[in-house]
Amino acid sequence: MVQLSQENIDRVQKIIARYPEGRQKSALLPVLHVAQEQFGWLSVETMDYVASLLSIEPIEVYEVASFYSMYNLKPVGKYMFEVCQTGPCMLNGSDDIIAYIGAKLNIKPGQTTEDGMFTLKTVECLGACGYAPMMQLGKFYKEHLTKEKVDAIIDECRAKNN
Amino acid sequence: MKWSFLAKPEGVPRHLVVNADESEPGTFKDRYLMEFLPHLLIEGVIVSSYALGSNVSFIYIRGEYAWIVDILEQAIQEARNNGFLGKNILGSGFDCDVHVQRGAGAYICGEETALLESLEGKRGNPRIKPPFPAVKGVWDRPTVVNNVESIAAVVPIINEGAEEYAKIGVGKSTGTKLISACGNINKPGVYEIDMTISVEEFIYSDEWCGGISNGKRLKACIPGGSSVPILPTNLLLKTAKGEQRIMNYESLSDGGFQTGSMMGSGGFIVFDEDQCVVKHTYTLARFYRHESCGQCSPCREGTGWMEKLLLRLENGQGKMSDIDLLWDIQSKIEGNTICPLGDAAAWPVAAAIRHFRDEFEWHITHPEEAIIRNFGLAHYADEREAVLA
Ligand SMILES: Cc1cc2nc3c(=O)[nH]c(=O)nc-3n(C[C@H](O)[C@H](O)[C@H](O)COP(=O)(O)O)c2cc1C
Ligand code: SF4
Ligand code: FES
Numbered sequence: 001m002v003q004l005s006q007e008n009i010d011r012v013q014k015i016i017a018r019y020p021e022g023r024q025k026s027a028l029l030p031v032l033h034v035a036q037e038q039f040g041w042l043s044v045e046t047m048d049y050v051a052s053l054l055s056i057e058p059i060e061v062y063e064v065a066s067f068y069s070m071y072n073l074k075p076v077g078k079y080m081f082e083v084c085q086t087g088p089c090m091l092n093g094s095d096d097i098i099a100y101i102g103a104k105l106n107i108k109p110g111q112t113t114e115d116g117m118f119t120l121k122t123v124e125c126l127g128a129c130g131y132a133p134m135m136q137l138g139k140f141y142k143e144h145l146t147k148e149k150v151d152a153i154i155d156e157c158r159a160k161n162n
Numbered sequence: 001m002k003w004s005f006l007a008k009p010e011g012v013p014r015h016l017v018v019n020a021d022e023s024e025p026g027t028f029k030d031r032y033l034m035e036f037l038p039h040l041l042i043e044g045v046i047v048s049s050y051a052l053g054s055n056v057s058f059i060y061i062r063g064e065y066a067w068i069v070d071i072l073e074q075a076i077q078e079a080r081n082n083g084f085l086g087k088n089i090l091g092s093g094f095d096c097d098v099h100v101q102r103g104a105g106a107y108i109c110g111e112e113t114a115l116l117e118s119l120e121g122k123r124g125n126p127r128i129k130p131p132f133p134a135v136k137g138v139w140d141r142p143t144v145v146n147n148v149e150s151i152a153a154v155v156p157i158i159n160e161g162a163e164e165y166a167k168i169g170v171g172k173s174t175g176t177k178l179i180s181a182c183g184n185i186n187k188p189g190v191y192e193i194d195m196t197i198s199v200e201e202f203i204y205s206d207e208w209c210g211g212i213s214n215g216k217r218l219k220a221c222i223p224g225g226s227s228v229p230i231l232p233t234n235l236l237l238k239t240a241k242g243e244q245r246i247m248n249y250e251s252l253s254d255g256g257f258q259t260g261s262m263m264g265s266g267g268f269i270v271f272d273e274d275q276c277v278v279k280h281t282y283t284l285a286r287f288y289r290h291e292s293c294g295q296c297s298p299c300r301e302g303t304g305w306m307e308k309l310l311l312r313l314e315n316g317q318g319k320m321s322d323i324d325l326l327w328d329i330q331s332k333i334e335g336n337t338i339c340p341l342g343d344a345a346a347w348p349v350a351a352a353i354r355h356f357r358d359e360f361e362w363h364i365t366h367p368e369e370a371i372i373r374n375f376g377l378a379h380y381a382d383e384r385e386a387v388l389a
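As you go down the protein sequences, you meet chains Z and F in turn. When we follow our numbering, the leftmost residue of the first sequence carries the number 1, and every step to the right adds one. When we follow our numbering, the leftmost residue of the second sequence carries the number 1, and every step to the right adds one.
Just so you know, these hints were derived from the structure itself, not from any lab. Check the hints yourself; a few may be wrong.
Partial list, computed: chain F residues near chain Z (C-beta under 10 Å) [said to hold, decoys possible]:
1. W139
2. G189
3. V270
Ideal placement from N, C-alpha and C gives every residue a C-beta, glycine not left out.
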């Protein structure tokens with residue numbers, strides 16, 4: 001059974017309260033973020049559960065979850081490296097960074113390491129073009145990436161997990 | 001000015017929605033404002049909400065700026081604690097609340113009607129206008145959508161008076177403008193300019209971009225975000241009439257799309273002599289294909305087709321006729337779609353072919369070299385002294 005924690009249920013209630021009566025569907029994107037934070041990804045079960053929280057049809061949730069690129073519809077690694085590959089980052093060597101991470105972790109973009117620790121994903125412009133090359137890691141950005149910085153980030157993630 | 005269109009039917013609430021979706025490649029100025037000057041934005045929202053009669057206002061922020069949501073929410077809480085938000089603000093009888101709504105990764109949600117759909121918990125499919133948001137916006141209520149920078153600028157305009165504020169700048173380019181500069185420059189970042197400095201000064205002066213990185217020469221620049229036309233050095237620093245180009249609305253667009261560009265979103269992307277325009281254009285085509293919402297066939301099919309052709313050219317597998325085909329596709333997208341994303345996808349391709357055609361041809365005549373290195377035809381990288389002489 002999928003169930004949000006009490007703390008998250010409280011957050012959801014607060015979010016719904018922002019909108020007018022009968023417009024609770026407006027809470028869908030924020031609530032999907034809350035659910036993904038807790039479960040790591042959005043399974044059909046989770047989406048059905050979110051639909052019941054907002055009194056909307058499951059299809060309304062699937063439609064939205066599949067439209068927006070931040071929602072993971074499949075399980076992902078504990079740490080997801082979302083490296084920007086758009087023009088301005090490309091001018092500053094994002095291709096090399098993506099290739100370096102791929103070689104180091106022995107995965108291609110879109111794949112997860114066998115131990116479930118790391119996922120490599122290429123994404124489009126994240127609004128950090130002046131601090132390129134860069135990636136999103138969880139809630140934060142890692143900017144001005146170099147091979148050495150990537151090494152340090154990977155070590156840090158591994159250390160946190162020990 | 002836009003505010004005067006807001007419908008005010010009796011008994012129907014109105015809303016202000018701040019557009020903080022900022023996703024146009026090359027653009028990161030709103031992020032700077034929100035991250036480092038959140039109180040300025042919140043003050044702007046409060047004053048604007050009062051002027052518009054919005055008791056509940058929203059800041060719709062791109063989902064990836066997750067940590068900035070916390071910064072804004074903290075600033076909102078501080079405002080509430082000090083009586084600047086909530087019920088009966090400073091005894092004025094005006095109630096106002098501000099909420100931050102996170103998107104979830106979709107460039108199209110920066111388009112105002114797609115943003116409103118998203119705020120209603122739907123896919124970001126732009127609406128057909130009219131009705132305009134000012135009449136029928138979020139939850140069918142009259143809504144004003146403004147950019148972060150516009151709302152933040154309300155504060156100095158109110159404090160100093162509109163006349164004082166308009167004294168900054170020249171002609172129609174009054175006030176200041178935030179430029180986010182990136183690419184191959186020594187000092188990338190966000191700069192506030194008063195729209196009187198030249199493009200040359202902006203690129204080379206230590207006060208701004210600090211010149212081209214690694215001592216290289218300037219090849220090209222996209223001066224206003226990924227959608228606007230790219231210009232080679234000679235047309236960037238000087239207009240076709242031979243006048244120095246200035247960092248403002250009129251001058252950047254001088255010459256139209258034939259020989260000019262646009263101020264656009266203020267995303268200033270600089271290319272050094274070794275960069276490949278074909279490859280960069282390919283990444284933009286991929287971006288627009290990825291971000292097309294898919295409602296209109298010219299945009300959905302056209303962006304995918306352009307991406308495929310550009311990848312083929314970049315990999316040295318193209319034919320000369322592909323260049324004409326690309327031109328043809330972009331011209332058929334432009335003006336034939338529900339929202340301007342179609343145009344935004346077409347313009348960069350058109351400008352790249354218009355000004356860098358021989359670089360496209362080189363990829364076809366030199367297929368082996370095209371795949372092994374990021375090639376830029378260096379003859380575009382004119383010496384600035386020669387251009388300005
Ligand atoms: C595809 C597309 C993307 C857009 N993205 C943004 C954006 O990220 N931020 C923004 O403020 N406006 C964006 N706009 C413009 C908005 O539709 C709208 O015009 C703007 O928010 C109005 O604000 P202003 O009048 O204060 O400039 C976009 C428009 C289109 C067509
Ligand atoms: S032009 Fe593209 S993004 Fe805009 S509505 Fe049509 S398909 Fe969607
Ligand atoms: S292009 Fe990578 S953050 Fe903008």
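Hint by hint, here is what the structure shows:
1. W139: holds (6 Å)
2. G189: This hint holds: G189(F) lies near chain Z, its Cβ roughly 5 Å from the closest one there, short of 10 Å.
3. V270: Since the shortest Cβ distance to chain Z is 8 Å, the answer is holds.
When held up to the earlier numbered hints, the structure conflicts with none and fits them all.
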